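Turn these sequences into a full structure, and let the hints steer you where they fit.
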Amino acid sequence: MDLSFSASPESVLGWFEKIQGYFKDFRPETRTMTINYSRKTSTIGLALKIDEGFRKNHNKIKIPVYKGFRISRMQDAVFHEIKNLWFLDNNEWVLDTKTLPPSDGFFIELEGNVEDGSLRDLVHIKPATNRDSTEDYDRYWLDSCIKNPRLLEAVWTELQIDEVDVGVLIDVDKLFGLKVPQEIKDKTETIQNYLKAGKTMDRQLMFNTAREYRKQERESHFNPNEFLQVIQRLTARTTLLDYLSVENRYSIGDIEHPTKYEGIIPRDVKVQTLTTLTLHDPQSIGFLTFKRQAYLDKIKSEFDTVIKKE
Amino acid sequence: MHTLLSKNNHCIQNPAKITEINNYKKIDKLSDLYSNVLQQSKIETNIPPWALPREDITLYIKLEKTMDFSKVVVILPDCMELKDMINVIDSNRSEDNVEVLKIWRSPSMGTDYFGLVIASKEPFQELATQPEIKIKLIEKNGYEHDHIAYARIFRPLLEIDQIPDEISLNDIDETVIPIHLKFKGFGDIAVKIEADIAGNLVSEGGLSVIDRVFQGFLREGLVDEEFKEQTDNGVKINKQAFNNMMDELKQKLKDKKYVDELLNDKELTQDTIDWLKSFNESEQEKFMNVVHGTFEGYLIKKLTDLVARSLGSNVHLDSGTKISTEIKTAFTDLNLKIRYRDLMGNEYPPLEKMVKIVDKRKEDIRVRVTIPFEIEKVDESGAYKNVQEMKIGSLV
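Just so you know, the sequences run in chain order A and B.
According to the numbering used here, the first sequence is numbered sequentially starting from 1.
According to the numbering used here, the second sequence is numbered sequentially starting from 311.
Don't read these hints as lab results, they were simulated from the structure.
Keep in mind the model is a prediction, meaning the values are calculated, not measured.
For each residue, glycine too, the CB sits at the ideal point set by N, CA and C.
Keep in mind that the hints are not guaranteed to be accurate.
Claimed, not checked - Derived CB-CB ranges, DEER-like:
{"#": "1", "chain 1": "B", "residue 1": "Pro474", "chain 2": "A", "residue 2": "Phe207", "range": "33 to 41 Å"}
{"#": "2", "chain 1": "A", "residue 1": "Glu111", "chain 2": "B", "residue 2": "Lys701", "range": "49 to 57 Å"}
{"#": "3", "chain 1": "A", "residue 1": "Thr97", "chain 2": "B", "residue 2": "Glu391", "range": "53 to 61 Å"}
{"#": "4", "chain 1": "B", "residue 1": "Ser404", "chain 2": "A", "residue 2": "Arg120", "range": "50 to 58 Å"}
{"#": "5", "chain 1": "B", "residue 1": "Glu484", "chain 2": "A", "residue 2": "Gly117", "range": "54 to 62 Å"}
{"#": "6", "chain 1": "A", "residue 1": "Arg39", "chain 2": "B", "residue 2": "Asn696", "range": "35 to 43 Å"}
{"#": "7", "chain 1": "A", "residue 1": "Lys300", "chain 2": "B", "residue 2": "Val486", "range": "56 to 64 Å"}
{"#": "8", "chain 1": "A", "residue 1": "Glu212", "chain 2": "B", "residue 2": "Glu699", "range": "48 to 56 Å"}
Have a look at this one:
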């Protein structure tokens with residue numbers, strides 16, 4: 001019984017092959033493809049042979065515009081860039097061969113977008129769901145590889161998938177939760193009581209809680225905005241970068257806050273850990289390390305500064 | 311049949327066997343642990359050093375470039391299943407094994423490899439286990455090579471440390487249900503506390519009224535970026551936007567259909583429903599004043615929520631902060647159920663405890679009472695650290 005789980009990579013490669021089909025008359029020699037995983041773009045490079053004989057037989061080269069692909073660059077055999085030769089005519093890219101400079105070989109580059117589904121068919125990605133921790137740090141396993149090198153190699157002599165994002169979610173709100181100072185806890189309780197009283201019709205209770213609230217206001221001029229500002233600073237990429245490290249085949253990209261509503265205090269941060277996969281190095285394994293204890297110390301010292309100022 | 315290829319019926323090894331299989335190399339470098347190379351270097355496997363139950367585990371099998379094989383047989387234990395294959399061109403599969411007959415190999419590839427994505431079918435009883443994955447490589451020239459890879463799987467376990475058998479309601483003190491828990495094993499968990507009296511759910515909590523209101527606003531698209539202004543001094547509320555929003559809410563609350571919908575929202579607590587029902591004009595004004603005057607309070611509340619929910623470094627309270635019920639008799643049996651799940655969403659058997667509520671009140675005898683759960687302590691001394699380097703055999 002044959003087992004075929006993975007989605008057909010043929011669908012992914014359909015458009016690559018189509019593009020290649022348009023150029024088959026030119027006998028492309030080198031075919032390179034670079035996919036940028038994070039930006040979801042793909043660049044195809046073809047080395048074409050357009051000799052005198054070909055030019056005699058073809059006045060024009062026409063390529064249908066396919067899925068938003070555009071011709072981004074063309075060079076002659078000695079790498080001089082040839083500009084403005086292609087024009088769009090009725091949904092086709094058209095090149096008048098008479099306008100081509102004298103050269104037998106040309107290099108042409110096409111750019112387009114890649115759909116999410118296609119990316120998933122191309123690359124296998126599996127970060128650890130749960131961190132492994134020591135006293136000092138949390139570690140996340142990172143794993144990515146090219147899923148189907150056969151089909152890719154059949155079409156492309158060179159292939160590179162850049163910025164493969166093995167995203168890791170780090171729970172930050174828990175860390176803040178562990179370090180909120182007692183003063184804040186007391187104050188929040190008072191405010192909670194005040195709010196609770198606001199819901200009742202009990203005038204005495206409202207009065208008492210409001211008095212308590214004002215009393216505490218006088219005692220500690222705690223400014224929650226200042227506090228939140230600290231949290232925002234602590235979850236900013238520039239700060240977090242000091243506490244994150246990856247192994248050599250990986251690098252850290254953006255750090256996003258996916259739970260935006262909780263943007264007041266982000267629940268978690270999504271760390272892009274990026275790697276490059278090629279046919280030569282089709283697999284990338286490593287660790288993301290988060291210096292948790294040092295980060296907790298940082299949270300504490302920053303929180304303390306806010307409290308002490310008052 | 312070669313002994314190694316005999317069917318691996320038992321996913322949980324007995325202690326003797328566990329120590330036996332642990333005679334693999336001393337760990338000098340981290341990478342030694344997750345890359346296991348046979349001396350002959352004909353075959354090399356690569357597997358994550360830890361995973362949760364049911365989590366996908368990618369087992370990579372790398373082969374020497376010059377070696378020709380007729381097949382690679384991989385035998386999965388009963389507790390594991392195959393979910394996907396990477397770079398496999400031809401294969402046979404029976405219930406418990408996979409025969410890989412052909413993979414894509416080429417000179418331009420740095421490594422000849424294929425991958426099997428596997429996962430355990432169910433959570434295990436054991437907090438740490440390492441089911442064996444047996445691999446047999448059969449070369450074209452007839453030579454055979456055996457290899458074992460281990461799927462290292464870890465799970466959390468929550469236990470009740472202390473919950474009183476009995477609590478009493480009195481006229482003076484606020485009654486709470488103190489809870490002490492013990493966390494063991496591996497993995498971050500979300501805890502949910504449920505309580506029932508004679509089968510009727512009486513636990514509540516998670517979201518406070520004000521949270522619900524804000525979430526409602528969010529759902530209705532009433533809260534957006536204009537509501538919060540990011541300034542150099544932090545987050546500020548845009549008062550005009552807030553007033554408009556409250557006006558809109560008032561309009562919405564006049565719409566019976568909208569209110570009915572809210573009242574049927576299963577996520578709303580009894581507290582909120584009561585409040586919504588009583589939401590008349592003056593109530594609205596009052597509530598607005600409180601909210602408006604203490605938006606900062608709301609922000610602070612978010613901080614308190616954090617504190618209340620972060621029970622320890624592995625344990626996070628999802629919902630269930632109190633019970634709210636009618637106490638009509640002197641003795642009431644309260645059935646506590648503490649549920650928890652890991653980050654894969656695996657639910658483990660809940661912890662159960664019966665607490666007797668003894669009503670000793672003489673003066674203030676309200677029928678409806680609210681008793682908060684107070685999770686006073688979570689003992690995490692049994693939490694596994696650095697599982698990556700943990701020898702599973704030594705845990706038994």
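(request) State the violated hints by number, sorted upward, taking the hints as numbered earlier in the document. (result) Structure breaks hints 4, 7.
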